[in-house]
Each structure stands twice: as structure tokens, then as C-alpha cells.
Amino acid sequence: MVTWTPLLVATIVISMVLVALIMFRPAITIGKGGKILAFVSLFIFPVLSGGGGISEHMERSKRTEFCLSCHTMADHGKSLRVDDPSFLAAAHYQNNRVPRDQACFTCHTDYTMFGNYKAKLRGLRHVYVQYLGKVPDKIELYSPYNNRECLHCHQGARSFEEGATHNAEPRRLQQIKANNLSCNSAGCHETVHGIDKLSEAKFWNEVKEDGSK
Amino acid sequence: MDRNKLERRLRTSGALLLAGLGVELVTLFWSHSTAFLLFIFLGGILIVLGMMIFLLALLAAGEATTPDDSGKAADRTPEVRAV
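These protein sequences, in sequence, are chains A and B. If you read the first sequence in the working numbering, its first letter stands for residue 928, the second for the next number, and so on. If you read the second sequence in the working numbering, its first letter stands for residue 95, the second for the next number, and so on.
In isolation and in its complexed conformation, chain A is listed as follows (with noise of 0.2 Å):
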């Protein structure tokens, strides 16, 4: 996977070398080639290295760590270790279901910034809360999670279309497809991090790439 950090990197170097230039020898923009030069160093350089920023940081703000990087997210990180295929967050992220290192973003694709306004303006609250406020006791969705979520990876596939359970009514699929029927109803995936069950639940090690534990 290609990665454009060492370039950015080297564009904001390359932009503080340029304005320390201008800044310790304005003499220069005297001539015509100085004040390019400045206009190069002062605005087109800092744009650029603004604007590469701001994208690594969008990019990096969908990485697993990021989200676990709040203390608040703490149990939810645990969670995806909980030794419990019922566990449908653990279940995800154990089996390579979701990527493991956007795992929470796979899932919660429309919430805080990379949703619709409303979603940016309460991930800025939920930042005020954070070292601000006061953070509940129980953390919840604002609103039941849409089946559009899992049918994005879900639909089509020969376990959804054709599971028993799932056709077990004439009407279920269709239901669930039109998100009337919630794929965490009760008695269906209904744990997703079973945050109030990690006390008695064991934990499974994770397999590092070079095999160990």
C-alpha cells in the first residue's frame, strides 16, 4: 500500500527551510525571482503541506488506534478480543471480517466526522466531553444502528441470502434488507460489544504476523 507520509514530511520540510529563507533574509524579495520566491514560501508551500495534512490526519482519524486512543473507548477495544463468536464486534474483528486496523470505522461509517454535518458537529462535542465534561457511564448510539451498515458487506452473500434464519419467515429477508427488522434484534446478533458482559468473559491472544502471541 502506497503511503504518502514521507512526502508530506518532506513538503513541510521543505516549506519551513523555504520560510526560514524569506524570514532570516527578506532582503531578497527585492527582485522579481525574491518575491516569487516569497509567494512560493508563504503561501503555495504551507497550502500544500496544510492541505496534505489535513488529509493524513482524516485518513489516520479511520485507523483502530485512533479510536481506542480516548480512554472512553477503552472497553470497546476490549471487546473485540472477547473469546465469543456471539460477540458479533469480536467475531468481526477475529476472523479478518472487517480490516483489523479500521475495524471501528468499517462498521461506524457514518459517524463523527465522516458522517453528515450533524455527525461532525457531535464528534466536536463528543471532543469537548472528553477533556471538558464529563463522559456518561454508558456510552450508546443516538440512534439504532441502520442494517445498511452490515448489508454493505453482508448483502449478497450466500450466508445472508440463504441462511436458515434468515428465511425462516416469508417476509424476514425483505424486512431486514428495508431495515424494518434491526440485525441486532433481540434473539438475533443482538450482542455487538457486550460491554456490560466483558467482566466474565475471556480474552483471546492475538496471533502478531510473525507468530507470536
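Honestly, I wouldn't trust all of these hints.
Said to hold, decoys possible - Here are the simulated lysine-lysine pairs, DSSO-like style, with alpha carbons at most 27 Å apart:
hint: 1; chain 1: A; residue 1: Lys1129; chain 2: A; residue 2: Lys1005
hint: 2; chain 1: A; residue 1: Lys1005; chain 2: A; residue 2: Lys1124
hint: 3; chain 1: A; residue 1: Lys1005; chain 2: A; residue 2: Lys1065
hint: 4; chain 1: A; residue 1: Lys959; chain 2: B; residue 2: Lys99
hint: 5; chain 1: A; residue 1: Lys959; chain 2: A; residue 2: Lys1045
hint: 6; chain 1: B; residue 1: Lys99; chain 2: A; residue 2: Lys962
Unchecked claim - Far from chain B, by Cβ distances over 12 Å, these chain A residues were calculated:
hint: 7; residue: Met985
hint: 8; residue: Glu1067
hint: 9; residue: Arg1098
Keep in mind that the hints were calculated from the coordinates and are not lab data. For glycine and all other residues, C-beta sits at the position ideal for the given N, C-alpha and C.
We have chain A; now place chain B onto it with these hints.
What follows is chain B alone, placed relative to chain A:
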């Protein structure tokens, strides 16, 4: 705008931009939600301020070097002056 004032503004702009770019560079090596906040609210503001001061300095320098209307009229009709 006299030369000293322009150079002072260039230095101020440069200082703000250096600070903002420095903050951006540091936040790139820190994967945390706080890094994102610092980038936007500290680095971003410093960079934008620095660019604005530079652009304002350009505008002010441009106004100072614009010739006035009487000079322009005289230049356009040299035959009038000769008479």
C-alpha cells in the same frame, strides 16, 4: 509601504508559518485524537494567520507602489505638457 514595514511583516508571517508547520510536523508522528486537535486548532490557525499576514503585506505593498491619477494623465498625454 516602506521597506522596513514590509520586511517586518514578512518576518512575522514567516514566524507564524514556521510555528504552524512545526506543529503539523510533530502531530504527524503522534497517532492520537489530541494530535488531530492540535493540528487543526493550533497548527491550522498559525498557518492561516501567517498566510493572511503575508497576503495583507502584499496588498499594502501593491497599494503603495500604484501611481496616482494626475501622474497617469500627464504620462498619457505628453503633447499637452509640451504646449
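How the hints compare with the structure:
1. Lys1129/A x Lys1005/A: 11 Å, holds
2. Lys1005/A x Lys1124/A: 11 Å, holds
3. Lys1005/A x Lys1065/A: Answer holds: Lys1005/A to Lys1065/A is near 15 Å, not above 27 Å.
4. Lys959/A x Lys99/B: It holds: about 19 Å lies between the C-alpha atoms, which stays within 27 Å.
5. Lys959/A x Lys1045/A: This hinted pair is violated, its Cα atoms lying about 48 Å apart.
6. Lys99/B x Lys962/A: 16 Å, holds
7. Met985: Given that some Cβ of chain B is not farther than 12 Å from that of Met985/A, nearest at about 9 Å, it is violated.
8. Glu1067: 20 Å, holds
9. Arg1098: 43 Å, holds
Against the hints set out earlier in the document, violations occur for numbers 5, 7.
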